[in-house]
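So the sequences go chain by chain: A and B.
Just so we're on the same page, this note's numbering is the position in the first sequence counted from 1, plus 20.
Just so we're on the same page, this note's numbering is the position in the second sequence counted from 1, plus 47.
Think of the hints as simulated: they come from the structure by calculation, not from any bench.
A virtual CB, placed ideally from N, CA and C, is assigned to each residue, including glycine.
Misleading hints may appear alongside valid ones.
Said to hold, decoys possible - Derived Cβ-Cβ restraints for the label pairs, each shown as a range:
hint	chain 1	residue 1	chain 2	residue 2	range
1	A	GLU472	B	LEU64	26 to 32 Å
2	A	LEU504	B	ALA74	30 to 36 Å
3	B	ARG75	A	THR49	55 to 61 Å
4	B	ARG108	A	GLY37	39 to 45 Å
5	A	PRO498	B	ARG75	52 to 58 Å
6	B	VAL96	A	ARG506	34 to 40 Å
7	B	ASP72	A	LEU147	41 to 47 Å
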Amino acid sequence: MSPVLGVVLLYLAVVLGIGFAAQRVLRGTAEDYFLASRSIGATVLLLSIFGTHMTAFTILGASGEAHRGGIAVFALMASSSALVAPLVFYFVGTRLWWLGKRLGFITQVQFFRERYQSDRVGLALFLVLVSLLVPYVLIGVKGSGDVLWALTGGPAGGVPPWVGSLLMCGVTFVYVVQGGMRSTAWANAFQTLVFMSVGAISFVVVVREYGGLETAMKTLEASRPELLTIEKSPRQLGRMVSYLLIPLSAGVFPHLFANWLSAKSARTFRPTIVLYPICLVLVWVPSVVLGVVGNIDFPPPLEGPILVHLMLRHSGGLLAGLLAAGVFAVIMGSLDNQAFAAGTLFTQDIVRHYGFHDGLSERGQVLTGRLFVAVLLGIALLVSLTTSRTIFDLGVWSLSGFAALFPVVVASLYWRRSTGAGVLASIGTVALLWVAFFVDSLGFRGEYTVGETGLLPVAFLFAGAVVSLDAVSLATAPPPGRVLDRFFPAR
Amino acid sequence: MGRSKWILFLAPGFVALHLNYWMWDEARLVLGLPANLFYHVVLSLVLSVVFVVLVHRAWPRYLDED
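Looking at chain A on its own, in the form it has when it is part of the complex (with noise of 0.2 Å):
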């Protein structure tokens, strides 16, 4: 067995032994199993929130976005999340969770049901949301198989991209099932500190092999200068703008909810939200770092990820491992939570609230959310096979549906006067507009924007949102006050 596939096992039979952990204490009953009855601390509700909220997109996408257009991506991803995801933790992942403590929510679409009294909204955002998190589960799996194959060996006889997409999706999906919303928060807890590492290893290894930091960023500065700079143009300010729209989508995933409402109190949140950018620092600095200085031995264009034909260069099979282990540990922190989310939604909201007219047992609860998470890993698992779009791709268009929604998120909070007809028609006009935009896309070369200004879609979706929910709001009679009374905390 080579080292790579040793590591990786060795990995994978760790994160399964935390699944047979957490059920040892698993209570049985649907709060337990959703949310581990309110239980996470603050240390792990930091790793977990912040595993679950990096990607593959985090590791993969961004090194190769780095080795493509330079340093700039930190600017986009970074740099704006350490801005806007706080924020948004701190005004809307606590108001969430005082509000679904006191009312007993478990999902976001429960939530948005109570709060406009109305099925029709609740319908709207779980087709919206879960139509989301499909592309989004996308990148996850479809990373982890490309990343083996290329460790493995690659044309020259790699562990086909299959099989490492079906062994993560298996992994996952018995440590999800065993635990519920515990096992994937400590497993997520133990994947942050996986990548982490991982970044941290890598970027010592491969810098050192260049002579260190700035020895390579001077032999950079030498050969492709515009990698070290920002392009300064309109059109890139555009994308700029754009891209700090994009870190909202952290109001909105499912997979974020979930973990708020597991946390202990309030006061659990601080933590997240004061280290959440030294933690984007500690993560992507390695990443985009390592992208760029991948030019001097691999300048593009590049078959497979920079970071792999980094790794197989400059250092052995074990830290090739490693490599491979820190993405299984990134990937699988999301995908773990996507997973559950979409399971929680589709149990509580359609089967229990649907087809049990909330009267499900709590037994019946638990395996019909342990079923779809098969379900969703699935057919996952047979697109990841077919699609042919990058992970970056994939990773904006799916930040930008979510993002494009967090005005619904806000108004619900924030705005008495805001109106079930106006969350309705905000969602319809994002899903329509997102289409339109999608299907304009396609066949597309490079990043797509908006008439070539550098404005991404998502700055249109967004527009579109705030001014379809207000004008319908106002437009349309206020909520009635016993229903407010019940959201907003008395002044």
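With the hints as your guide, set chain B onto chain A.
Chain B alone, transformed into the frame defined by chain A:
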């Protein structure tokens, strides 16, 4: 929202600092990192300090009430 309103006024300032257009073509290296990358790392660390103040000075009271 109460005392947390001040962050809403600070946010545009941080957005302006994030869009550091004036130095995008700066090619200098600072501590081995390209100047723009170094700038955004420092900005992220400064934000962390701002958030320490935010969660200690402007923590909504209702969140801690049962």
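So, going through the hints one by one against the coordinates:
{"no.": "1", "hint": "GLU472(A) / LEU64(B): 26 to 32 Å", "result": "28 Å, holds"}
{"no.": "2", "hint": "LEU504(A) / ALA74(B): 30 to 36 Å", "result": "55 Å, violated"}
{"no.": "3", "hint": "ARG75(B) / THR49(A): 55 to 61 Å", "result": "59 Å, holds"}
{"no.": "4", "hint": "ARG108(B) / GLY37(A): 39 to 45 Å", "result": "42 Å, holds"}
{"no.": "5", "hint": "PRO498(A) / ARG75(B): 52 to 58 Å", "result": "56 Å, holds"}
{"no.": "6", "hint": "VAL96(B) / ARG506(A): 34 to 40 Å", "result": "37 Å, holds"}
{"no.": "7", "hint": "ASP72(B) / LEU147(A): 41 to 47 Å", "result": "45 Å, holds"}
The structure does not agree with numbered hint 2 stated previously, though it agrees with all others.
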